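K.L.:
Okay, here's what each chain looks like letter by letter:
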Amino acid sequence: MTGERRIRVPALSRVEGEGGLFVRIRGDRIDEVKLTIYEPPRLFEAFLRGRPLEDVPDITARICGICPVAYQMSSTHALEAALGVSIIPEIRTLRRLLYCGEWIESHCLHIHLLHAPDFFGADSGIELARRFPDEVARGLRLKKLGNELLEVLGGRAIHPINVAVGGFYRVPRREPLLRLLPEFERGLEAAVEMTRWVASFDFPDYTRPYEMVALQHPDEYPMNEGDVASTNGLRVPVAEYERQFEEFQVPHSTALHSGRVDDHRAYHVGPLARVNLNRNRLSPTARRLADEVGLEHPCRNPFRAIVARALEVVHAFEEAIGILRAYRPFTPSRVAYEPRAGGGCAATEAPRGLLYHRYALDDRGLVTFAKIVPPTSQNQRQMEEDLRDWLPLVLGPDDAETALQCERLVRCYDPCISCSTHFLTLTVARE
Amino acid sequence: MSTTGGAQRSQSPRDAVARPRKVRLAVFKFASCDGCQLSLLDCEDELLAVAEAVDIVYFLEATSRVESGPYDVGLVEGSICTPEDAERIRQVRRECRYLVTIGACATAGGIQSLRNWADHEEFLRCVYARPEYIRTLATSTPIAAHVPVDFELRGCPIDRFQLLEVIRALVWGLRPRTPRHSVCLDCKRRGTVCIEVAQGVPCLGPITHAGCGAICPAYGRGCYGCFGPAAQPNGESLVSRFVSGGISAERLVPLLRNFNAAADEFRCQSDRLQRLGEGER
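As they're listed, the protein sequences go chains Z and H. Oh and the first sequence: position 110 is 110 in our numbering, straight run, nothing missing. Oh and the second sequence: position 9 is 9 in our numbering, straight run, nothing missing.
Chain Z extracted, bound-state conformation (with noise of 0.2 angstroms):
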């Protein structure tokens, strides 16, 4: 057969939002590969304009009911910056808790529940838990303490409602948060065991020439501040940020597509970038364990991601205790502003990556303009060349199998597809 070929899988599964993919091949050239994202545009950056700058955490954060801390602090820093207003480091330290808090939650949600069952020809993390009952247990466990923090510091667990710009409505009292620690304690040794699980599994021998972007500070592991940096060797503050990406639109997605400015090539971002542009700045327990189990620096293996991310867990948990240690209750809570016309951006690192936002405020304290990067988007092309990459690798006679490959690598990024639909079903087309 020299016809077409297509390869559709019509739509993702263990993946956050609606898309599918769409792969055809003419006799054994690969044509065409397309992660086509059909997650309705909820249209957020237009609807912003006009509203109280104040609404705008509250509103972001229904971007993604699995990183709405992501959202409300990309959006809290960036209004900040317009504002002219500078945090205390009080709420600073209580931001980085509550960005521990969220990492734990989505991370041990896409590694136990989305991901890991992909290693295991499972369906499902339910389905994993008949094999690995301890380890998935294990898993909910750790997920749960993110949650509790969460609730504690946020008032729930999805749509926080504490966050506000300047700080927080309200700081909590040092008990709830001390009734955390010994819990948190217990996590911090099971969230090693389960990085030493994560590493144990069988990862195809499989690297890719990324660029890799995060950001990087200089005294702490990236979560709400940082320079924008890259694995090839670009080091820019944030507010050089479009300077050096772009957003650009094509026909099979109602998300944006994001690429290097000058010639639109793939970047990656995420825990893998994360780690690989700042591993010495993890924490202790957090370094150590990532030369005991092996991940190599740099790690170009996407596969690997899950490995990352369960390091990211270790850190998550050795800084929340930390922090919860020595947290004394503090005032103001959040620091006074006057609204002024300006405009002011911002990035932070949302579980999947870097989220950028900038706003534009009239002299009412009214958004005028808003623009939001969502890591997804970030990360769509890079998919589209892996999977380009990987396709001739794993194509064979079945067409399910072969589009259960695609769907695997697609999985290591943790997309998340209401969050970059301002993204996908595999269809694979054989000619």
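Everything labelled a hint here was simulated from the structure, so no lab data went into it. As the structure is a prediction and not an experimental result, all values here were calculated from the model. Accuracy of the hints is not assured; some may be wrong.
Claimed, not checked - Here are a few chain H residues that face chain Z, going by a calculated C-beta distance under 8 angstroms:
(1) ASP34
(2) LEU48
(3) CYS81
(4) ILE111
(5) ALA129
(6) VAL171
(7) THR192
(8) CYS216
(9) GLY220
Just so you know, even glycine gets a beta-carbon here, dropped at the ideal spot from N, CA and C.
Model the placement of chain H on the given structure of chain Z, informed by the hints.
P.N.:
Then chain H, alone, in the frame of chain Z:
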């Protein structure tokens, strides 16, 4: 030929009498943030037990197992804002014996219903350089605007314990019991000092459906209505009080036009306020 591991387990005699077979549960997503279906995965202590009690046969976010309908229960997240989705929800309705909407998007249209007040073409041009690639509707509408809905679970996001109550009730063939009183009453139960009365902060608690646990006032901020209107809300009276207290329409309209902007009571009041505000100018 799609029997899977879960189906062959032995059942207790009670189960065998009350539930001759497991309820087949499906979870569908339309325009949304995934947060409400995530609530099911956030039931960390109960998730594996739920997966024993019901047969989760379609839930794309959580499992690659995909079984076709019919389903006993369909949980629907998200609103309708594309022509394809307006068609797909009819198909979903045909396949589900009992259809439950979960969350503010599915129940009221969600935050994306703000487009209902705007020039949709202009919105598309604002976000996309090539709006002609995008096929969407000019409105975001709740599921009940398209097909009959058997039960609505409120919230942005829903409360996971209320979701467990819905699943429990449906497994046993009962009607779910979720309270319909206002957030205001839950503040009294919590012993939270009223921030509207004590601090003059505009708060939608008196007209907002319970379910969140009245968290916002407890954290020192006014309720912003994420569970939508309570049963028999008196929005006109509340809004009048705010206005007579000197709070401007410019501040109140966005408060009402939030995650349940298109819910009847909130929409009526925000429209009334807008006319009022325009009258003042």
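K.L.:
Run every hint past the structure and note whether it holds.
P.N.:
Each hint tested on the structure:
Given the 8 angstroms rule on beta carbons, the hint for ASP34(H) holds: about 5 angstroms separates it from the nearest Cβ of chain Z. With a cut of 8 angstroms, the hint placing LEU48(H) at the interface with chain Z holds, because the nearest CB-to-CB distance is about 6 angstroms. The beta carbon of CYS81(H) is positioned within 8 angstroms of a beta carbon in chain Z (closest approach about 5 angstroms), and the interface hint is therefore held. Residue-level restraint check for ILE111(H) holds (minimum Cβ-Cβ distance to chain Z is 5 angstroms; threshold 8 angstroms).
Hint status for ALA129(H) relative to chain Z: holds, with the closest Cβ pair at about 5 angstroms, below 8 angstroms. For VAL171(H), the suggested interface contact is broken, since its CB lies about 17 angstroms from the closest CB of chain Z, more than 8 angstroms. Against a cut-off of 8 angstroms between C-beta atoms, the interface hint on THR192(H) is violated, since the closest Cβ of chain Z lies about 11 angstroms away. Here the hint on CYS216(H) is kept, as its CB sits about 5 angstroms from the closest CB of chain Z, short of 8 angstroms.
With 8 angstroms as the threshold, the beta carbon of GLY220(H) comes within range of chain Z, its nearest partner Cβ sitting at about 4 angstroms, so the hint holds.
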